[in-house]
Amino acid sequence: MKNRLKIYRVTQNLTQEQLADKLGVSRQTIIAIESNRYLPSITLAFKISVFFKVNIEDIFIYQNGGNK
Amino acid sequence: MNNKKYKKVRIVAIIFIISLITVSIFLKLYLLTIFTIFTGILFLSLVHSNNKNLVDERELSIQEKAADFTYSIFTPTIGIGTFLLLIPSYSGLRVFSNGEFLFLESIGIIFAYLTLFLISLYSISYFFLAKKYGGKKDEE
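Note that the protein sequences, when read in sequence, are chains F and P.
Its first residue numbered 79, the first sequence is counted upward by one per residue in the numbering used here.
Its first residue numbered 35, the second sequence is counted upward by one per residue in the numbering used here.
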């Protein structure tokens, strides 16, 4: 699984800390998601997509056969 | 109170409580020790309930994995330890105690109960959590 969270965050001029506060998670979680080390739950993925007002598939890209 | 502030307050409170407990034990003021422990628990639970931003799913997921990993390492370790410590009592084999040191056998018995307690705790919690978060058989 790949994601474009960093791109969306930077285009909105948000720091990792600010985004984390808005989503109710820690900054480490944002870092981990951006660097593809952690797959967020479906709830958090929806929260992110609602926050950026885009579809979930625009941020999270499923790659066939990969766990990450 | 956000997570960062909560963690800071918690660390300061824990350091204070530990130092107070150490001093009170050192001075043999056991009533103060008990009072400190209860006050500490009360204070920490109050701080905990004020923390709005506490649940972080990544931390929860790490905690789950860590608990599972700890269980999978700890249980066989004390299980095997128990077995090796208790061997001299029931057979001719000698591993640790050589059949001479009875306290080692006592430790073995304590370990045996601990292992059983851990396994039963894990099984019971697994049963109830699976029931709570799992689907029923007749559901499609």
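Keep in mind that the hints were calculated from the coordinates and are not lab data.
Just so it is clear, the structure is predicted and the values come from calculations on it, not from any experiment.
Heads up, some of the hints might be wrong.
[To be verified] Computed list of lysine-lysine pairs in DSS-like fashion (alpha-carbon distance at most 27 Å, straight line): (1) Lys-125/F with Lys-80/F; (2) Lys-131/F with Lys-80/F; (3) Lys-131/F with Lys-99/P; (4) Lys-99/P with Lys-165/P; (5) Lys-125/F with Lys-99/P; (6) Lys-84/F with Lys-38/P; (7) Lys-84/F with Lys-39/P; (8) Lys-39/P with Lys-99/P; (9) Lys-84/F with Lys-100/F; (10) Lys-42/P with Lys-131/F; (11) Lys-165/P with Lys-62/P; (12) Lys-100/F with Lys-42/P; (13) Lys-62/P with Lys-125/F; (14) Lys-41/P with Lys-100/F; (15) Lys-165/P with Lys-80/F; (16) Lys-84/F with Lys-131/F; (17) Lys-100/F with Lys-165/P; (18) Lys-62/P with Lys-99/P; (19) Lys-125/F with Lys-84/F; (20) Lys-100/F with Lys-131/F; (21) Lys-99/P with Lys-38/P; (22) Lys-166/P with Lys-125/F; (23) Lys-100/F with Lys-125/F; (24) Lys-38/P with Lys-125/F.
[What the hints assert, rightly or not] Sample of chain P residues at the chain F side, in silico, Cβ under 10 Å: (25) Lys-38; (26) Asp-90; (27) Thr-109.
[To be verified] Footprint (simulated), chain P over chain F, 3 or more residues, beta carbon under 8 Å: (28) 101 to 112; (29) 125 to 134.
All C-beta atoms, glycine included, are put in the ideal place defined by N, C-alpha and C.
Here's how the hints hold up against the structure:
Between Lys-125/F and Lys-80/F the alpha-carbon distance is near 17 Å, which keeps this suggested pair within the 27 Å criterion. A threshold of 27 Å between alpha carbons decides the hint, and for Lys-131/F with Lys-80/F the separation of about 19 Å falls inside it, so the pair holds. A hinted pair counts as satisfied when its Cα atoms are at most 27 Å apart, and Lys-131/F with Lys-99/P does not qualify at roughly 33 Å. With a CA separation close to 20 Å, the supplied pair Lys-99/P and Lys-165/P stays within the 27 Å bound.
For a cut-off of 27 Å, the pair hint linking Lys-125/F to Lys-99/P stands: about 24 Å separates their Cα positions. Only pairs whose Cα atoms come within 27 Å are accepted, and Lys-84/F paired with Lys-38/P is accepted, the gap being roughly 22 Å. As the CA atoms of Lys-84/F and Lys-39/P are separated by approximately 26 Å, the hinted pair is consistent with the 27 Å bound. Annotation: proposed proximity of Lys-39/P to Lys-99/P holds, straight-line Cα distance about 26 Å (limit 27 Å).
Proposed proximity of Lys-84/F and Lys-100/F is supported: the alpha carbons are some 15 Å apart, at most 27 Å. A threshold of 27 Å between alpha carbons decides the hint, and for Lys-42/P with Lys-131/F the separation of about 34 Å lies outside it, so the pair is violated. Among the hinted pairs, Lys-165/P with Lys-62/P is inconsistent with the structure: their alpha-carbon atoms are about 48 Å apart, more than 27 Å. Restraint check for Lys-100/F and Lys-42/P: satisfied, since their Cα atoms lie roughly 21 Å apart, inside the 27 Å limit.
Of the pairs offered as hints, the one joining Lys-62/P and Lys-125/F is violated, with about 54 Å between alpha carbons and a cut-off of 27 Å exceeded. As the CA atoms of Lys-41/P and Lys-100/F are separated by approximately 19 Å, the hinted pair is consistent with the 27 Å bound. Between Lys-165/P and Lys-80/F the CA atoms are separated by roughly 33 Å; this puts the pair beyond 27 Å, and the hint is violated. Taking the CA atoms of Lys-84/F and Lys-131/F, the gap is near 15 Å; set against the 27 Å cutoff, the hint holds.
As the CA atoms of Lys-100/F and Lys-165/P are separated by approximately 33 Å, the hinted pair breaks the 27 Å bound. The suggested pairing of Lys-62/P with Lys-99/P is violated, with an alpha-carbon distance near 41 Å, which exceeds 27 Å. The straight-line distance between the Cα atoms of Lys-125/F and Lys-84/F is roughly 15 Å, inside the 27 Å bound, and the hint therefore holds. Using a Cα cut-off of 27 Å, the hinted pair Lys-100/F and Lys-131/F holds, with the two alpha carbons roughly 14 Å apart.
Simply put, Lys-99/P and Lys-38/P have alpha-carbon atoms about 23 Å apart, close enough for the 27 Å limit, and the pair holds. Taken as a hint, the Lys-166/P and Lys-125/F pair is honoured in the structure, with Cα atoms around 24 Å apart against an allowance of 27 Å. Restraint check for Lys-100/F and Lys-125/F: satisfied, since their Cα atoms lie roughly 10 Å apart, inside the 27 Å limit. Simply put, Lys-38/P and Lys-125/F have alpha-carbon atoms about 21 Å apart, close enough for the 27 Å limit, and the pair holds.
Below 10 Å, beta-carbon pairs count as interface contacts, and Lys-38/P has one with chain F at about 8 Å; its hint therefore holds. Checking Asp-90/P against chain F: minimum C-beta separation of about 5 Å stays under 10 Å; hint holds. Restraint check, Thr-109/P versus chain F: the minimum CB separation of about 28 Å is more than 10 Å; hint violated. Proximity of the stretch 101 to 112 of chain F to chain P, defined as three or more residues with a beta carbon under 8 Å from a beta carbon of that chain, is established by the 6 residues found.
With 0 residues carrying a beta carbon less than 8 Å from a beta carbon of chain P, the stretch 125 to 134 of chain F misses the three-residue requirement, and the given coverage is violated.
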